[in-house]
Amino acid sequence: MTTAPQPVAATPLPRPSSRANRFRRRQGWVVGVAVLLGALVFWRYSQIPAFGPFEVRGIVAGTMTLALLAMAQSVIVISGGIDLSVGAMMVLANCIAARLMLDQDLGPVVLVALGVVAVAMLLSGLIGLVTVVSGVPDIVVTLAASFILAGLALVVLDGPGGGTHPRFQELMVGGFDQPLPSLLWLTGLLALVWVPFKRSRLGIATYAVGSDRAAAFLSGVRVGRTRVVAYVLGGFFSGMAGVVTTAFTGSGEPRASIGATATLTSVAAVVLGGVALMGGSGTLLGPVLAAFCLSLIPPLMLGLGWDPNYAEVARGIIIIVVVMIGGLVQVPRRSR
Amino acid sequence: MPAPLLQTTAVAKAFGPVVALRGVDLSVAPGEVHALLGANGAGKSTLVKILTGVLRNDSGTVAVNGRPVDLHSPTEARAQGLAPVYQDPALIPDLTVEQNLRLTGVDPAAVRRELAGMDLDGLDLGEQARDIPLPFLRMLDLARALAFDPQLLLLDEITAALPPDLSERVFAITTGWKQRNRSVLFISHRLAEVREHCDMCTVLRDGRDVASFHPGQEGGEGQIVAAMLGEASAAVRDVARERRAARERAEDERPRLVVRDLLIDRQDAGVSFEVQAGEVLGMAALEGQGQDRLFEILSGNVRAAGGEILVDGQPLKARHPYDAIRRGVVLVPSNRLMALLPQRPIRENIAIPLFNRLRRWGPINIGRERRQVSEAVTRLSIDTRAAAQARRLSGGNQQKLTIGRWLAAGFRTLLLFDPTRGIDVGTKHQIYDLVRELADGGAAIVLFTSELREIALVCDRVAVLHNGAIVAEMPPTAGETDLLTAAHGLEVTAV
Amino acid sequence: MSAVTAEPAARDWRQALVERPAIALTGVLLVLYLVTATQAPGMLTLNGIRSTLLLACPLAVLAASQTLCMLTGGIDLSTVMTANFAAYVAANQSGRGPVVALGLALAVGLAVGTVNGIGVGVFKVNPLIMTLGMASVLLGVVTVGLVGDGFLSGSTRLLPVLRTVASGTLVGPIPTNMVVWALLAAGLIFGLSRTGLGRAVYAVGDNPVACRLAGVRIWQVLFAVYLLSAVLAALGGLLFSGISGSVGPDQTNAYLLPSVAAAVIGGTSILGGVGGYTGTILGALILTVLNRLLLALDTTEAFRQILYGLIVLALAWVYVRVTGQRGS
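Protein chains in written order, with my numbering: chain A, 1 to 336; chain B, 337 to 831; chain C, 832 to 1159.
The shape of chain A in the complex, shown without the other chains (with noise of 0.2 Å):
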């Protein structure tokens, strides 16, 4: 419009959100999802008269793979993509630290473990510039990527086999009725390499990719360098997540189909956690709680008597149900 001869009238500014409004848009799923932990966790507690650590370690050490991956895919998403490796890698690093920690000495066994997340990080990071510099889409390279994994995997191990050092297997999950181990390697992870990064400005610079990768562009950010630094962050928790199997299984087993099912259950945990597929928000405490309550469906059934076979049909389902809820309740995301 063309500007008048008179006094205009002042455009009022937007009243800013109550401190109320804003836990509850950034943090509310989250707490939801620790609530329903809670509630099961108690449920589980009710079934079983002597619920001791022996109980909680099996809870959280048997849970650790499925929170690492969560974490790993988590990342990935809030930077805007989907890995379908995930579960793959894992295979790998759980194939190769088994091969050569078998019969090592504790010493050489920690730097296999270094050693294996290392390489996983390698390799996403080369998923991920793959995907950056070709152009095609990351489902379909991280598709083939499966595949080429998975067929690694059987490069090192051709069956199950390898094997690990006892004291090694209790420093990361602990014995049977040390719960603390295991917890400490996740509260640990989340709390000394994902909250600085997410402060960082690199962390900023991935939520913005996720986010909107045009405007970050123009923003000066290096999309792809972020994108590419986002993959590796994703592959040091799927490597971890290999190096945790190794330590709670004892051995190295490289059929796929472990894989396939692991990285599925990934996004699962992913979108249950509050991520969303879209990019750009999130965090990763909701995936790793979801991981929690997704483990814990199994156990329950079975205190209540019910087929555990069940327990796949019964996590389908939720899954169903929740992201139905979730996307009826969560505020629509304005439109630009």
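Cβ-Cβ distance ranges computed for the label pairs, FRET-style: (1) P14(A) with G558(B): 36 to 42 Å; (2) A415(B) with V133(A): 24 to 30 Å; (3) G359(B) with R19(A): 53 to 59 Å.
Covered stretches of chain C, going by a simulated chain A footprint (3 or more residues, C-beta under 8 Å): (4) 954-962; (5) 1087-1100.
Because the hints were derived from the structure by calculation, they are not lab data. As the structure is a computational prediction, the values presented were derived from the model and not from experiment. Think of the CB as a built atom: it goes at the ideal place given N, C-alpha and C, for glycine as much as any other residue.
With chain A held as given, fit chains B and C onto it using these hints.
Positioned in the frame of chain A, the structure of chains B and C alone reads:
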């Protein structure tokens, strides 16, 4: 003579077979507000993207203060003192404003200072960018650009859809900028603004610069239009006025569209108006007075909080645009991104409403479809050279496509929401002609426009919307001053 | 005023490829076929051609499901589970005659498709998640059914008609299942390019907002797509069981990722709005021949897998490079 602040020499850029720039010479002196004008497809946005490091030019040089520079990234362009403010604010929606600033390495304190200078220090930087309305996002983007302390500000259509008071603050900035011997490259389709605030202007046409002069001089507007249109310019005829004078109106006809106490939002008073067949009702309003929502309600996309709509005397309760379309009420939105199928060819874009119900899911009569589509294409003179994918068309052609689809599908009431926003002058007038033609053909038309001068050209009546209610109805000959006064909710004193 | 474009006479060969990817794909297929024939001379015999077509058929049917879903910007990860379930039901109920057994198998597809369609269309759940959840549910249902005296236990006998159709030979190099495939292909290709629903499918994948403004009820289109996808998956499972001669709860699982790959290689964008079944057919053939090549190379399963993944990636990369259709 001091070196120009910015000088481009023979800058050229092609995208495959499409040549966007053929060799542009542009010169911006220090302390100058320089307008960059041109029709859609003339190359303005490509040039801006090159100057801001988003694209690399194929050939030619860019020099800042006499020194040639290589602008290979947005960061590099900023380092050279060129800061852009885009039409779509480059703020990440999921991040807070503060996080956004950190991302670009800007000091939030500097931004707060600039905001204070614009009288906007009440803005909360802890809000997520998605929760801040668009006009304020633009001002934030401007403040951020200013905080970089650049030498040249590139403002790309910043005043499009900015309320007048914020526009004024923008121009206050540009004036202040001049006094500090810095410059502004101002891209706009609003010729009145350009004439009032700019020292120089350069007109692009077909990827080349064709004229450079002082826009405020006598006859400047005609000069600008002539330069933009080239030989085809001729006189910008007031076709609409001619047509309107010739038409007669049947008084006893039942109105095609009746809106009664329609509550746009939860407020007390609603909107009421009527439109006859063959009539063009213009609607004018300032930013954010409810016009967006009103059109969404009329087109069936959103439900009203109260009130009623009557189409041909029968009530319309629409839950989905389909319900409105079935009654012949169709919408042409201003945002082409909302209405286009970018990867589909022209044919499919035009034909899409023909398949919006189950009964039409069966085999298509290709011959009939082809006929309907080509009728629309011919009537609108859509350039079909890039027919394979709609996203390759220029802005003007894309807009014609969104109108063309309703020509093919048929309608009785046409809702046009700012149809000529961001469109070049030539296409604008084609659309004005078309609107009058359609009205003559018996359609009832409601036209919202943010450019008041259009109203006189096209409409039979104009309703002014303020705060979700119609506050005045005027003849189209009402001057812009009266319209603006009413738009502010003030009484128009009869002269 | 229009965008400045080059003379229409100078047609870019890339443009031609984008609009007609079938040309490039046929070229790739022929080259690959000849290369494979050098390692496995049997490929050039009538029998060789026949077995290639035979094996490609179930993949092509499953890939048809993915093509439909991907055109709307979605994906269907429950196809293999639906296929397994349907095949199992047909074999399990074969004692009740072919009509009943096949009918029940297709009913499985209809049921799964309905749930998927409602989830994705009405509740607007992300298709990745919806079909993922559905796959979990189906896996569980099949597992429960097989255990003890569940509803799927008991003798399974493959329907003779399936055996004939799926692994028989019509004439010369043409297997009988080509009839099914050809009918399907004709139906899909015609449906996508010449029917209102087909147009709506492309439009929904390209810009759902524009569709809504044009009056298209998107949930109807999505429902139809996911319903068709599941029915096709059931059909694919039946065909596969006919070829393999038996049923198993996870017999088609290995086809999931290749079915997506076939559609992608064939030019259907996973983001929606672009592609079609013609390309997918060629993609399925290419992948089948590729598999044969890898088998002929006489290496370990591990290397075969690695090479498969690398070649799929390379093909997708080449496709993007040539057509300039980037993922972002």
